[in-house]
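Those protein sequence lines, which keep their order, are chains A and B.
Per the numbering used here, the very first residue in the first sequence carries number 1; after that it's consecutive.
Per the numbering used here, the very first residue in the second sequence carries number 1; after that it's consecutive.
It should be emphasised that the hints constitute simulated quantities derived from the structure, not laboratory data.
For clarity, every value in this text was computed on a predicted model and none was experimentally measured.
Misleading hints may appear alongside valid ones.
Cut-off 30 angstroms, straight-line C-alpha distance, at most; resulting in silico cross-link-like pairs (BS3-like, lysine-lysine) [unchecked claim]:
(1) B:Lys-85 <-> A:Lys-130
(2) B:Lys-212 <-> A:Lys-130
(3) A:Lys-81 <-> B:Lys-214
(4) A:Lys-78 <-> B:Lys-226
(5) B:Lys-214 <-> A:Lys-108
(6) B:Lys-73 <-> A:Lys-130
(7) B:Lys-182 <-> A:Lys-108
(8) A:Lys-44 <-> B:Lys-59
(9) A:Lys-149 <-> B:Lys-59
(10) A:Lys-108 <-> B:Lys-179
(11) A:Lys-81 <-> B:Lys-212
(12) B:Lys-85 <-> A:Lys-110
(13) A:Lys-108 <-> B:Lys-129
(14) B:Lys-79 <-> A:Lys-108
(15) A:Lys-110 <-> B:Lys-129
(16) B:Lys-59 <-> A:Lys-134
(17) A:Lys-130 <-> B:Lys-205
(18) A:Lys-110 <-> B:Lys-212
(19) A:Lys-130 <-> B:Lys-214
(20) A:Lys-134 <-> B:Lys-182
(21) A:Lys-57 <-> B:Lys-214
(22) B:Lys-205 <-> A:Lys-57
(23) A:Lys-149 <-> A:Lys-57
(24) B:Lys-214 <-> A:Lys-78
(25) B:Lys-260 <-> A:Lys-81
(26) B:Lys-226 <-> A:Lys-110
(27) A:Lys-110 <-> B:Lys-97
(28) A:Lys-110 <-> B:Lys-2
(29) A:Lys-108 <-> A:Lys-149
(30) B:Lys-73 <-> A:Lys-44
(31) B:Lys-85 <-> A:Lys-149
(32) B:Lys-97 <-> A:Lys-130
(33) A:Lys-149 <-> B:Lys-73
(34) A:Lys-51 <-> B:Lys-97
(35) B:Lys-182 <-> A:Lys-44
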Amino acid sequence: MYAVRNWLIGGAFMLALIMSPADSRAKATPDTLELDALVNLYEKVHFNHAKHIMLVKDCADCHHHTAGTLTSNPNCVKCHKNSGGTASVACRSCHFVQPFSAAALRQKDKSAYHNDIMGLKGAYHQSCTKCHAKMGGPTGCQDCHTRSKQGDAFYSAGAYAPPQAHGEGKQHGH
Amino acid sequence: MKRRDFLKGCMACGAAATLGVSQKAWGIGSFEGYPEGMGVLVDLTRCVGCRSCEAACNKEQQLPAPEVPFDDKSVFEEKRRPTEKAYTVVNRYETGKEKGPVYRKIQCNHCNEPACLTSCFVNAYTKTKEGAVIYNSKVCVGCRNCMIACPFNVPGYSYSSALNPVVKKCIFCYDTRLKYGKPPACVEVCPQEVLTFGHRNDLLKIGRDRIKEKPDRYVDHIYGEKEVGGTSWLYLAGVNFDQVGFDTTMANEPIISNVKDFLGIVPMVLTIWPALFTGFHLLATKNKNHTNHEDGHSAQEDHKP
Chain A
1 MYAVRNWLIG GAFMLALIMS PADSRAKATP DTLELDALVN LYEKVHFNHA
51 KHIMLVKDCA DCHHHTAGTL TSNPNCVKCH KNSGGTASVA CRSCHFVQPF
101 SAAALRQKDK SAYHNDIMGL KGAYHQSCTK CHAKMGGPTG CQDCHTRSKQ
151 GDAFYSAGAY APPQAHGEGK QHGH
Chain B
1 MKRRDFLKGC MACGAAATLG VSQKAWGIGS FEGYPEGMGV LVDLTRCVGC
51 RSCEAACNKE QQLPAPEVPF DDKSVFEEKR RPTEKAYTVV NRYETGKEKG
101 PVYRKIQCNH CNEPACLTSC FVNAYTKTKE GAVIYNSKVC VGCRNCMIAC
151 PFNVPGYSYS SALNPVVKKC IFCYDTRLKY GKPPACVEVC PQEVLTFGHR
201 NDLLKIGRDR IKEKPDRYVD HIYGEKEVGG TSWLYLAGVN FDQVGFDTTM
251 ANEPIISNVK DFLGIVPMVL TIWPALFTGF HLLATKNKNH TNHEDGHSAQ
301 EDHKP
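One chain only, chain A, in its complex shape (with noise of 0.2 angstroms):
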């Protein structure tokens, strides 16, 4: 009877075990993400986030210590040797889209160690292009992002381009 008893609780407690996943963060971790919040020039991103975790494995070389993975550059260990994660991991929670509306100059905490936060459109590019530049992934503007109609005619390019000079006529044999 008892090990009748012994057995449902064992089994019971390692049904448990099995259960709940060592990492129970990567349950809420997309797989993807539509990066929109700078639609304007270019449509969004269709970032594969299951694949840079593949890649880079470290968290912390995206998210600093946010997502509860510790940082290992020498500049923030200073401070955040023991930081674990914070309460949001998206970029757009400390890196604002407009950084320099005059609300966010406002907001500022200029005695802040933090002072030279980069925006959001600043920290995905710096971010991104450095490891991308190092891996040997996509650098190009178009490589990630795709120019909308807008942007187009912002650059003056694509449907929008000025017409050739008659310079270029020349391979026509004039």
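Put chain B on the given structure of chain A with help from the hints.
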């Protein structure tokens, strides 16, 4: 009545001496910018030469369509400067380092004591309290003195206009943005956040912090902090500034300091010299007999009783 003449002379000279330039005017040359003046910190280690800033300026200031698209990198083959059609340009500099080419954005630096403003005799230029140096095209007579005066060779000129050519340059997006506290179009569009907008005093601190945190990345100098009396657009670079087209021979004095001592003395000179030389003349010719001399005093003294 010689004593009266003496006293009159003293009064005249005293008045002339005080006529010189007032104390406030002698302070010209040490203006450090309005306290609420804005500025932009340009971090050349971040620029990749995408030319989005040129495109944004073109759109914001309603400049004519460019000759080549803004994503065309072939323009980097030659060095450009701001013109009537492009208030800002980006140039590429090969420094031979493994870091790769360095790109530099050129536009009006919105100096604290601008040479253009100093040289303009129709007062077309204004240094606003937000930090922008703007100009009034309607007042401009097209003399181009400002183009000669500007140490950075910035103002462009509408050569294309036959009847009313005027000076054209970056105005820090004053009319459409800076007046309302918004950053200029180029700052907003830059994908690499090369351009940091804020109060000039804060930007100097941020610049120093960046240098302190990454001394291997930056040259220990903020270009524009002191050059020609200080500019609102400040630069950080990873290579020596003279390698990327900056003029490093500039004095820390604004351009007006080259002439203010000389010009400040002119009113005094114009008042004193006539009186002084008249005095000399009278002294030199005191006892001589003059023809046509009708002064009653001397005539009396010359007459023999």
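Status of each hint after checking the structure:
With a CA separation close to 34 angstroms, the supplied pair B:Lys-85 and A:Lys-130 exceeds the 30 angstroms bound. Under the criterion of a C-alpha separation no larger than 30 angstroms, the hint pairing B:Lys-212 with A:Lys-130 is consistent with the structure, at around 21 angstroms. Proposed proximity of A:Lys-81 and B:Lys-214 is supported: the alpha carbons are some 20 angstroms apart, at most 30 angstroms. A threshold of 30 angstroms between alpha carbons decides the hint, and for A:Lys-78 with B:Lys-226 the separation of about 33 angstroms lies outside it, so the pair is violated.
With a C-alpha separation of about 22 angstroms, the suggested pair B:Lys-214 and A:Lys-108 falls inside the 30 angstroms cut-off, and the hint holds. Straight-line distance between C-alpha atoms of B:Lys-73 and A:Lys-130 comes to about 21 angstroms, which keeps the hinted pair within the 30 angstroms bound. Proximity of B:Lys-182 to A:Lys-108 is assessed by CA-CA distance (about 15 angstroms); at most 30 angstroms being required, the pair is judged to hold. Distance restraint check for A:Lys-44 and B:Lys-59: the Cα-Cα separation of roughly 22 angstroms lies within the 30 angstroms cut-off, and the hinted pair is therefore satisfied.
Straight-line distance between C-alpha atoms of A:Lys-149 and B:Lys-59 comes to about 15 angstroms, which keeps the hinted pair within the 30 angstroms bound. Restraint check for A:Lys-108 and B:Lys-179: the C-alpha separation of about 20 angstroms stays at or below 30 angstroms, so the hint holds. For the hint linking A:Lys-81 to B:Lys-212, the alpha-carbon distance of about 21 angstroms falls within 30 angstroms, and the restraint holds. For a cut-off of 30 angstroms, the pair hint linking B:Lys-85 to A:Lys-110 is broken: about 38 angstroms separates their Cα positions.
Restraint check for A:Lys-108 and B:Lys-129: satisfied, since their Cα atoms lie roughly 21 angstroms apart, inside the 30 angstroms limit. About 38 angstroms separates the Cα atoms of B:Lys-79 and A:Lys-108, which puts this hinted pair outside 30 angstroms; it is violated. Of the supplied pair hints, the one linking A:Lys-110 and B:Lys-129 holds, its CA atoms being roughly 22 angstroms apart against a limit of 30 angstroms. With a CA separation close to 34 angstroms, the supplied pair B:Lys-59 and A:Lys-134 exceeds the 30 angstroms bound.
For the proposed pair A:Lys-130 and B:Lys-205, the alpha carbon gap of about 26 angstroms is at most 30 angstroms, so the pair holds. For the proposed pair A:Lys-110 and B:Lys-212, the alpha carbon gap of about 17 angstroms is at most 30 angstroms, so the pair holds. This hinted pair checks out: A:Lys-130 and B:Lys-214 have alpha carbons roughly 16 angstroms apart, not beyond 30 angstroms. About 36 angstroms separates the Cα atoms of A:Lys-134 and B:Lys-182, which puts this hinted pair outside 30 angstroms; it is violated.
Restraint check for A:Lys-57 and B:Lys-214: the C-alpha separation of about 26 angstroms stays at or below 30 angstroms, so the hint holds. Between B:Lys-205 and A:Lys-57, the direct Cα distance comes to roughly 36 angstroms. Violation of the 30 angstroms bound is thereby established for this hinted pair. Straight-line distance between C-alpha atoms of A:Lys-149 and A:Lys-57 comes to about 36 angstroms, which puts the hinted pair past the 30 angstroms bound. Distance hint between B:Lys-214 and A:Lys-78 is fulfilled; the C-alpha atoms sit about 15 angstroms from each other, no more than 30 angstroms.
A C-alpha spacing of about 57 angstroms is found between B:Lys-260 and A:Lys-81, which places the hinted pair above 30 angstroms, so the restraint is violated. Between B:Lys-226 and A:Lys-110 the CA atoms are separated by roughly 23 angstroms; this keeps the pair inside 30 angstroms, and the hint holds. Restraint check for A:Lys-110 and B:Lys-97: not satisfied, since their Cα atoms lie roughly 35 angstroms apart, outside the 30 angstroms limit. With a CA separation close to 71 angstroms, the supplied pair A:Lys-110 and B:Lys-2 exceeds the 30 angstroms bound.
A hinted pair counts as satisfied when its Cα atoms are at most 30 angstroms apart, and A:Lys-108 with A:Lys-149 does not qualify at roughly 35 angstroms. The straight-line distance between the Cα atoms of B:Lys-73 and A:Lys-44 is roughly 24 angstroms, inside the 30 angstroms bound, and the hint therefore holds. A hinted pair counts as satisfied when its Cα atoms are at most 30 angstroms apart, and B:Lys-85 with A:Lys-149 qualifies at roughly 24 angstroms. A threshold of 30 angstroms between alpha carbons decides the hint, and for B:Lys-97 with A:Lys-130 the separation of about 18 angstroms falls inside it, so the pair holds.
For the hint linking A:Lys-149 to B:Lys-73, the alpha-carbon distance of about 21 angstroms falls within 30 angstroms, and the restraint holds. Between A:Lys-51 and B:Lys-97, the direct Cα distance comes to roughly 34 angstroms. Violation of the 30 angstroms bound is thereby established for this hinted pair. Between B:Lys-182 and A:Lys-44 the alpha-carbon distance is near 25 angstroms, which keeps this suggested pair within the 30 angstroms criterion.
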